[in-house]
Amino acid sequence: MDSTESFPVRKSVPWRTLDTEALVVDVKGGLLYPLNSVGARIWDLCDGARSVDEIVGMLAAEFAAPETTIRTDAIEFIERLADAKLVSIERRRTGDSR
Amino acid sequence: MANRTPRIEVAGFVFRVAGLAAAGRTWVEDRYGPFLSRRAPTFGVHVRSSERYRPGRTPRPSVTWTDGRFALATHPSRAEGDLGRRRVAFRGGPGPALNPDLFRLLCSFLLMQKGGVLLHASAVVDRGRAWVFSGPSGSGKTTIAGLAGDRAVLNDETIALRPGARGWEACATPFYGSGGPAMARVNDRAPIRGLCFLEKADHFAHRRLTPSEAVSRAFPEVMLPKREALVTERLLATLASLAAVVPAWELAFAPTTAIWSYLDGLD
Numbered sequence: 015m016d017s018t019e020s021f022p023v024r025k026s027v028p029w030r031t032l033d034t035e036a037l038v039v040d041v042k043g044g045l046l047y048p049l050n051s052v053g054a055r056i057w058d059l060c061d062g063a064r065s066v067d068e069i070v071g072m073l074a075a076e077f078a079a080p081e082t083t084i085r086t087d088a089i090e091f092i093e094r095l096a097d098a099k100l101v102s103i104e105r106r107r108t109g110d111s112r
Numbered sequence: 006m007a008n009r010t011p012r013i014e015v016a017g018f019v020f021r022v023a024g025l026a027a028a029g030r031t032w033v034e035d036r037y038g039p040f041l042s043r044r045a046p047t048f049g050v051h052v053r054s055s056e057r058y059r060p061g062r063t064p065r066p067s068v069t070w071t072d073g074r075f076a077l078a079t080h081p082s083r084a085e086g087d088l089g090r091r092r093v094a095f096r097g098g099p100g101p102a103l104n105p106d107l108f109r110l111l112c113s114f115l116l117m118q119k120g121g122v123l124l125h126a127s128a129v130v131d132r133g134r135a136w137v138f139s140g141p142s143g144s145g146k147t148t149i150a151g152l153a154g155d156r157a158v159l160n161d162e163t164i165a166l167r168p169g170a171r172g173w174e175a176c177a178t179p180f181y182g183s184g185g186p187a188m189a190r191v192n193d194r195a196p197i198r199g200l201c202f203l204e205k206a207d208h209f210a211h212r213r214l215t216p217s218e219a220v221s222r223a224f225p226e227v228m229l230p231k232r233e234a235l236v237t238e239r240l241l242a243t244l245a246s247l248a249a250v251v252p253a254w255e256l257a258f259a260p261t262t263a264i265w266s267y268l269d270g271l272d
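Line by line, the protein sequences are chains A and B. Here the first sequence stands for residues 15 to 112, numbered as in this note's numbering. Here the second sequence stands for residues 6 to 272, numbered as in this note's numbering.
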């Protein structure tokens, strides 16, 4: 996972935010994934424009944890979302950088 | 009522069940007795002749829904309907004249259209308000219903939840569980006092759930296949709306009648 990649939420995935948490449905598997506030924030940041560096930077500014820990956790979490086919991993378009 | 076309009322829907032979009509009137109605029908169900029995792998229940038309399937029966025309054709396999599994799926689908859900739950009315108890099989839904005493049991397995004039209401259904027909003797409804997700224990304990937790617990207990994005989106919205106003708890309970006084103390 590097700065050339982005992570858009798949259009076919139903999801909903409740307070600071989120609920995401794997329609094919008929499963619901509840996300805690950190997971919900990462989900929110998976907008198809931000790179993992940008996502980690924003999380580090919002949550009290070492950036190295946040990076490890965020990458693992996004990979799990991708494995479950809830987000895709795509090459960022030129000019997507924020 | 022997020679009339039966009408069955579930959670405010009045189904006129046509196309039944005399034996089928008798079966329907016996199976759905407490839910027979004389009110004007709101939806027509036409039962067509049975299809040939085809041995093989049992397909998963399914719901498809496009532009007001819908198709439901629970092996070995299926139904095709039109929401605008308020009618549905049942094509039954061998067995009951009006397949309860398919009829339950129809009720669940129509309830979703009205912003409600059909939940895998029991419900008991205590002093005019309904406690709804949900959870997977074996979690204690029928056990609690059996502890109701002189309180009305709305069902031990399947409860309709829908928004009404007095807020969210729990409605009886004819789709009973291991408690048998005795658990579906009353066609009534009541405002919901609370929603409890059960865990059998030798003691009482509870924890208030956040709206997100309540939706997560309720989602798998909704009696709808969840493999259509349109259905799932509607379901999420409905459960979020429910969880925003109806309190929900995780409840461990000992199977004694002390549960009713324990529930009084939930906050």
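Incorrect hints may appear among the rest.
[As the list claims (entries may be wrong)] With a Cα cut of at most 20 Å, we get these calculated EDC-like pairs of lysine to aspartate or glutamate:
#1 A:K25 - B:E34
#2 A:K99 - A:D58
#3 A:K25 - B:D106
#4 A:K99 - B:E226
#5 A:K42 - B:D269
#6 A:K99 - B:E238
#7 A:K42 - B:E204
[What the hints assert, rightly or not] Facing chain B, a subset of chain A residues (Cβ under 8 Å, in silico):
#8 D33
#9 E35
#10 P48
#11 V52
Source of the hints: derived by calculation from the structure; they are not laboratory data. Every residue, glycine too, gets a C-beta built ideally from N, C-alpha and C.
Verification of the hints:
{"no.": "1", "hint": "A:K25 - B:E34", "in the structure": "46 Å, violated"}
{"no.": "2", "hint": "A:K99 - A:D58", "in the structure": "16 Å, holds"}
{"no.": "3", "hint": "A:K25 - B:D106", "in the structure": "32 Å, violated"}
{"no.": "4", "hint": "A:K99 - B:E226", "in the structure": "23 Å, violated"}
{"no.": "5", "hint": "A:K42 - B:D269", "in the structure": "41 Å, violated"}
{"no.": "6", "hint": "A:K99 - B:E238", "in the structure": "17 Å, holds"}
{"no.": "7", "hint": "A:K42 - B:E204", "in the structure": "28 Å, violated"}
{"no.": "8", "hint": "D33", "in the structure": "7 Å, holds"}
{"no.": "9", "hint": "E35", "in the structure": "4 Å, holds"}
{"no.": "10", "hint": "P48", "in the structure": "4 Å, holds"}
{"no.": "11", "hint": "V52", "in the structure": "13 Å, violated"}
Figure legend: structure checked against the earlier numbered hints; hints not met, in rising order: 1, 3, 4, 5, 7 and 11.
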